Each structure stands twice: as structure tokens, then as C-alpha cells.
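Let chain X serve as the given structure and place chain C on it in line with the hints.
Line by line, the protein sequences give chains X and C.
With the working numbering applied, the first sequence closes on residue 504, and no number is skipped along the way.
With the working numbering applied, the second sequence closes on residue 429, and no number is skipped along the way.
Honestly, the hints are just simulated from the structure, not real lab data.
Quantities reported herein were computed from a predicted structural model and do not represent experimental measurements.
Be aware that one or more of the hints could be misleading.
As the list claims (entries may be wrong) - In silico BS3-like cross-links for lysine-lysine, where the CA-CA straight-line distance does not exceed 27 angstroms:
{"no.": "1", "chain 1": "C", "residue 1": "K386", "chain 2": "C", "residue 2": "K61"}
{"no.": "2", "chain 1": "X", "residue 1": "K316", "chain 2": "X", "residue 2": "K255"}
{"no.": "3", "chain 1": "X", "residue 1": "K461", "chain 2": "X", "residue 2": "K450"}
{"no.": "4", "chain 1": "C", "residue 1": "K415", "chain 2": "X", "residue 2": "K391"}
{"no.": "5", "chain 1": "X", "residue 1": "K450", "chain 2": "X", "residue 2": "K316"}
{"no.": "6", "chain 1": "X", "residue 1": "K316", "chain 2": "C", "residue 2": "K310"}
{"no.": "7", "chain 1": "X", "residue 1": "K419", "chain 2": "C", "residue 2": "K310"}
{"no.": "8", "chain 1": "X", "residue 1": "K313", "chain 2": "C", "residue 2": "K310"}
{"no.": "9", "chain 1": "C", "residue 1": "K414", "chain 2": "X", "residue 2": "K391"}
Said to hold, decoys possible - Reference excerpt, derived from the structure (chain X facing chain C, CB under 8 angstroms, subset only):
{"no.": "10", "residue": "A324"}
{"no.": "11", "residue": "A325"}
{"no.": "12", "residue": "R330"}
{"no.": "13", "residue": "R339"}
{"no.": "14", "residue": "H340"}
{"no.": "15", "residue": "A350"}
{"no.": "16", "residue": "L359"}
Here a beta-carbon is modelled for each residue, glycine too, at the ideal position from N, C-alpha and C.
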Amino acid sequence: MTALLSVKDMTHYFGGLRAVHNYNLNIAPRQIFGLIGPNGAGKTTIFNLITGVYTPTEGEILLENKNIKGLETNQIAAMGLGRTFQNLALWRHMNVVDHIRMAHYSQLDYGLLGAFFNSRACRDQEDHIRENAHQLMQLFDIEKYANDLVTSLPYGAQRRVEMARAMATRPKVLFLDEPTAGMTPDELVRMIRIIRKVHENFKVAIFLIEHRMKFVMELCEHIQTLVFGEVIAEGPPEEIQNNPRVIEAYLGKEDMT
Amino acid sequence: MGILQKFKQMFSTVPMLGWFLGILTAVLIEYFWGYDYISYYLGLPKIPVLFGALIMLKEPVMIPGALAYDLIVYVIPVLAVAKLSCIVTNPGAALLEKLPLWLSAVIHLVCFYAILHLWAGINDYRVLVVKLTLVSIILTVSVNVINGYQGEFSCSHPGFMALGAYVSSILTLVLFTNDKIFGTALLPPALGPYLFPLVLVVGGAAAAIGSLAVAIPSFRTRGDYLAIISLAFMFIVKSAVENLNIIGGARGMGGQPDLAPLPIIFIWTMLCIWVIHNFVTSILGKALNTVRDDEAAAESMTVKTRKTKMTAFMFGAFWAGIAGGLFAHVLTYINPGMFSINRLAEILAMVYFGGLNSIVGSIVGAVSINVLGEALRPLELFKWIIIPLILIFVMIFRPYGLISFTEINAKKLLEAKHKRQQGVSP
Numbered sequence: 248m249t250a251l252l253s254v255k256d257m258t259h260y261f262g263g264l265r266a267v268h269n270y271n272l273n274i275a276p277r278q279i280f281g282l283i284g285p286n287g288a289g290k291t292t293i294f295n296l297i298t299g300v301y302t303p304t305e306g307e308i309l310l311e312n313k314n315i316k317g318l319e320t321n322q323i324a325a326m327g328l329g330r331t332f333q334n335l336a337l338w339r340h341m342n343v344v345d346h347i348r349m350a351h352y353s354q355l356d357y358g359l360l361g362a363f364f365n366s367r368a369c370r371d372q373e374d375h376i377r378e379n380a381h382q383l384m385q386l387f388d389i390e391k392y393a394n395d396l397v398t399s400l401p402y403g404a405q406r407r408v409e410m411a412r413a414m415a416t417r418p419k420v421l422f423l424d425e426p427t428a429g430m431t432p433d434e435l436v437r438m439i440r441i442i443r444k445v446h447e448n449f450k451v452a453i454f455l456i457e458h459r460m461k462f463v464m465e466l467c468e469h470i471q472t473l474v475f476g477e478v479i480a481e482g483p484p485e486e487i488q489n490n491p492r493v494i495e496a497y498l499g500k501e502d503m504t
Numbered sequence: 004m005g006i007l008q009k010f011k012q013m014f015s016t017v018p019m020l021g022w023f024l025g026i027l028t029a030v031l032i033e034y035f036w037g038y039d040y041i042s043y044y045l046g047l048p049k050i051p052v053l054f055g056a057l058i059m060l061k062e063p064v065m066i067p068g069a070l071a072y073d074l075i076v077y078v079i080p081v082l083a084v085a086k087l088s089c090i091v092t093n094p095g096a097a098l099l100e101k102l103p104l105w106l107s108a109v110i111h112l113v114c115f116y117a118i119l120h121l122w123a124g125i126n127d128y129r130v131l132v133v134k135l136t137l138v139s140i141i142l143t144v145s146v147n148v149i150n151g152y153q154g155e156f157s158c159s160h161p162g163f164m165a166l167g168a169y170v171s172s173i174l175t176l177v178l179f180t181n182d183k184i185f186g187t188a189l190l191p192p193a194l195g196p197y198l199f200p201l202v203l204v205v206g207g208a209a210a211a212i213g214s215l216a217v218a219i220p221s222f223r224t225r226g227d228y229l230a231i232i233s234l235a236f237m238f239i240v241k242s243a244v245e246n247l248n249i250i251g252g253a254r255g256m257g258g259q260p261d262l263a264p265l266p267i268i269f270i271w272t273m274l275c276i277w278v279i280h281n282f283v284t285s286i287l288g289k290a291l292n293t294v295r296d297d298e299a300a301a302e303s304m305t306v307k308t309r310k311t312k313m314t315a316f317m318f319g320a321f322w323a324g325i326a327g328g329l330f331a332h333v334l335t336y337i338n339p340g341m342f343s344i345n346r347l348a349e350i351l352a353m354v355y356f357g358g359l360n361s362i363v364g365s366i367v368g369a370v371s372i373n374v375l376g377e378a379l380r381p382l383e384l385f386k387w388i389i390i391p392l393i394l395i396f397v398m399i400f401r402p403y404g405l406i407s408f409t410e411i412n413a414k415k416l417l418e419a420k421h422k423r424q425q426g427v428s429p
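Okay, chain X solo, but in the shape it has when bound (with noise of 0.2 angstroms):
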């Protein structure tokens, strides 16, 4: 099996508490794939296991079959794991442009003299980024916020800032970390089209942690559902759809009595 990214039983403790138990993941190229649970159940922790926030306790991670365990977070992401955060994490005195170039710092090739002396080499690789940037901004429809403050911008534009910024690191894998908290319908249905066109564009994977069945629903080929650290259901949106212990974990037992 040529899995991009699998995790294998990995279990982590904060202190004496078990936040994820025995999870395993297998994510194939080019897959959408959705992690569900209620608030707590630790969702958020795997994503910043995989990324490298954190370290496991125990478990083994794999991209494209070398082990990512243990590297730090930037390395991770310069490996191909590009994510989004769940509460945005914008630099908030800085304007558009530069958070799609910053993205580019793994591709630098020209060293610190470089940058303090303004070879030639800077200068043209600096350049290429920068059409890179306006292509990027162009794709996500930000172009016209290029030169504002991400604080400025409305609430959508910064996601779709944030989604650009992981874009640029040229991720395998892109972790969406409820890309739509807080977003009116109609900003939804964008931002459904704008993962569609990623997925098609970019031809990556993406690992997407999301509160809202519909919007999951329609966009995932597998889903799993997670509750305490433990995942109780896996498959096609579906089948996930009609599990009951997946509905009890949602909406709670109804009472029998």
C-alpha cells in the first residue's frame, strides 16, 4: 500500500492524562480526508502531533515512508505537511504579500551574506517569489489586498490568507484545522469551491478537522470519527453518516425509559 502519510499506533499523555490512544491513519495521495469528533476529543492534539508541536509518547509517523517523529515543526513542514490553524494565526503587522512570500523560506537558496548584501542571487530569487506570490494571491482572490495589514482584512480574506500562506510551502499534505469556524453560509460555499480547487490545482492530499457534517459530507472521500483520543468509527462519508455510535457521540443516547 503507498500511503502518503500514516501514522501507526500513536498515543500521546499530557501528564497523566491520555489525550489520543492507538490512533492510526493511512492518507493516500490526493485523498480528502476528515477527522470528526465533539470539542475535546482531541482532534486539534493530532494535528499538532503530526506537525510536530508535539512529540508522541509512543506511535510512529511516517511521510512518504521516512519517519518525521521527533524532527522539529519547521522541518516537518518543509518535508510537506503545510496546515492552517483553528484560531487564525496571522503575523498581524504584516501585509499579505509578505505572509505568501514568508512561506517560501524553505526554497531560499541564497545564505545570509545574500540577504545583507543584496547579491544578484537575492535579488532574482526574491523576485521569483514575488510572481509566485501574486499567482498564489490571484488563485485564493486576495490579490486585491496585497499591500493591507492581515488584520484589516475581512474575516474570510484571512482565512483564505492563511490557506494561501500553507500553499506556498508546497505541501504533500494539507491539514485544515476547521477551515470554516465562524463563517457565514455563503463564505462556506466558498470556501468549499476554493478546497475543491486547491485539491485540483496543487494535487495534494488534504487532512481536514471540521464541526460541520454537511460541509464534511460533501467534501470527503473517508472520514473517522474520534471521541476521548479513541477513534469509534472509520469509512466513507456514508456509512459514517448512518453509524450509530457516531450519532450518540454527536447528539447523545436518547433515553429508553
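Frame of chain X; chain C shown alone:
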């Protein structure tokens, strides 16, 4: 407000070259007629050194004379020449625009230096003020790298400066002078001016290595805690120097050769501004901003945050070391007391007054605090009430400083100003 607006509009057609020409005229007027005619007929004892500020504060009787002097020598010639020469300077600036930007910038800088040299040449006091101001600019821009661009509150800058000052002083004393501590010169003193840049770089490198003592803790702590660590570093350097008798201890160290004339300091300052500008506008330099604004996001966007922090500290400290070296060779005497809490307060005042995350702001901050400090000298104690008050007001109305979060746009600064453009621009 209306008058100011009209005034601004009237002079919006003047390019940088025009202003230079105006100021050059003023400086030449002062150079040729300032002492013999103008100050004589206005009843001033000599040419007012800092636009008459010192005389006005010392002897209020002189206020009309000093104001008239400013008007006759500076204000009227500058404004008149700048406005009237538009016809010549605009085509001139347009011509320079055709050259590569760096060449045009160098030409402008040479003009600027000529003006500065003539102005400062009137007396030694002005030379000293200009020299110290230029050193302060290097210092302030370098602090801005750490405190502004990287967003750490680092208090260790006097320490870095001391490292640079002492290392470069020891080197010049050992190599180029016959003195009591280190004996005869190892190299012919005539080589001094040529090897001085190297000496300064060694001093800067020493400061950069010293900065690791603050940079490495900064991987784990931020904010107040790092401020305390860096403050401790500053005191460690100071007391270490105080207890090293070989380099003079608390008495200080003197006798450095005067290797830092005005042109050398000017070149170093411009080099510093150029290099730091290049760095902070490149992606490697913007990484500092990402670490400041959200470190977790920076990591996830492939930014090597540790390397970035280390670079910021070492780079900032390097330039502080250079500034220290220049400072030592301007005053030709240093003692540990110069690199203590007072210096820190002065440095931080310049950075936060001028503006964070902005080279222009740092220049403005360094120049204004230095010039204010000198101009208000006759007020003695009140000087230390007025300057802090100004600082407090700046902090209230512009929390990030006067000119914050800007980049130098050399092209726009030097371009010719056409009348037609005026209508279009918003």
C-alpha cells in the same frame, strides 16, 4: 491646518535634489558670511552652533537675534532656493532616475555628506555632535533589529556596545600606539586608518559572540524574563570590565588613536543602514517579524525560528559592537560607566521614540534625541524632565513610536516630482 496644507502643496514639487541644493546654499551662506556679517550685525557673539538653541536658552536677550539668524541663514535660503530651483533640479532628478538606483543613491549621499561636512566644519562642537549622532543612528537601527523587528525587549545593548568598544580599543592600542599598558606598537601607526575597518569588524564579532549569552535563553523565554536576562548580561559585562585592571578597570581606558573622522563614521553609518535595510526587507529578515507576531505559525510555515532568533541577536549585536568601536575612537576614552543603565535608557528612548520596525524611525529617533539632548543642555536638570515628558506624550499618542512599521523606499525618495503627477496622486 489650512496654511500648513498650502505650504506642503507649494513645496511638493521639490525633489530631494532641490532640498539638497537649498540646504547647500544655506550652509554656504553661513560658511562665508555667517560670522563676519550676519551674526555680527545681529549682535550675536559667534555663530549659533545648534540653530541658536543653546544661546536662546542661556541668554533670553539673544532670542530675537538667534531667531533672525535662523531665518536669514537657514529658513529663507532653503525654502527660496528649493522652490526656485525646481526648474533645474526636477530635470536633474529625472536624469538621475535613468541611472541605476544605487548610483543615484550614491550621488545623493555624496551631496548630503558635502553639506554635512560644510555645516559641521564651522566648529569642533558641531563635528562632535554630528559624529555622536551618526554613531547613535547605527546603535538605534541595530537595537531596532532586536527590539522592533524581532520584538524581544532586549536590554543588553550597552553590553554589546561595551564589548565592541573595548575589543576594538585594545586592538588599536596594541597594534598602532605606543602606550603605557600595552607597550610599543606592533604595527606602524600609519597602517591604522587602513586596518581600522578590520579592527571594528573584530569588535563587532566579539559583540556578536557575546550576544549568544542572551540569544540562547531567548529560545525558551520571551518578554519580561528575557528583558531581565539581558539586563543581567549588561551588568555582567560592566562589572567584568570594572574588575579587569589590565584594561583600566573602573578608571577607564584612554589614548585610542583618533581613527574615526567624520567621513569614516558617515560611511559606516550608511553601510549599516544599507545592510540592515537589505536584511529586513528580505525573506530571511522578514522571518524576524514572523517570530515576533506568532512563533508557532512561523514554525509551521517552515521558518527556522531558532536560527532566526540567533541571527537577529548576533546581527544586532554586531552593529552595536561597530557603534561601540566608533564611539570609543570618537571620544578616545572609554570607561565602564559609559555602558551602563544610563546608556540603556538613552538607547531605548531613541528606539521607542523613533518607531519600532522602521529604519527611518530609528534615524529620526536617534537624531532627535541627540539633538534635543544637546540643545536643551543649558536647562541642566530640566532637560531630564522635558525629554521624558516628550517621550511619554509620544507613547500616549503613537504607542509604536513616531514613524513605525515603514520601509525605506529609496526610489520614491529620490524621484523627480512633476506637476502632472500631483493631480493624479491621492
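A324 of chain X as chain C interface residue, shortest Cβ-Cβ below 8 angstroms: holds (4 angstroms)
Distance restraint between K316 of chain X and K255 of chain X, which requires alpha-carbon spacing of 27 angstroms or less: With Cα atoms ~11 angstroms apart, K316 of chain X and K255 of chain X stay inside 27 angstroms; holds.
Hint consistency between K450 of chain X and K316 of chain X [alpha-carbon to alpha-carbon, up to 27 angstroms]: holds (25 angstroms)
Hint check: 8 angstroms Cβ-Cβ cutoff, L359 of chain X to chain C: Holds: closest Cβ of chain C sits about 6 angstroms from L359 of chain X, inside 8 angstroms.
Per-residue hint verdict: H340 of chain X, partner chain C, C-beta under 8 angstroms: Holds - the Cβ of H340 of chain X comes within 8 angstroms of chain C, reaching about 6 angstroms at its closest.
Hinted pair K419 of chain X and K310 of chain C, Cα distance within 27 angstroms: This hinted pair holds, its Cα atoms lying about 25 angstroms apart.
Restraint check for K415 of chain C with K391 of chain X, where alpha carbons must lie at most 27 angstroms apart: Between K415 of chain C and K391 of chain X the Cα gap is close to 22 angstroms, so the pair holds against 27 angstroms.
R330 of chain X as chain C interface residue, shortest Cβ-Cβ below 8 angstroms: Cβ of R330 of chain X sits 5 angstroms from chain C, so the hint holds.
Agreement of K461 of chain X and K450 of chain X with the hint, judged by alpha carbon distance not exceeding 27 angstroms: holds (23 angstroms)
Status of the hint placing A325 of chain X at chain C (closest C-beta pair under 8 angstroms): holds (4 angstroms)
Restraint outcome when R339 of chain X is required to lie within 8 angstroms of chain C by C-beta distance: Status holds, d = 5 angstroms.
Distance restraint between K313 of chain X and K310 of chain C, which requires alpha-carbon spacing of 27 angstroms or less: Holds: K313 of chain X and K310 of chain C sit about 24 angstroms apart, inside 27 angstroms.
Hint compliance for this structure: no hint is broken.
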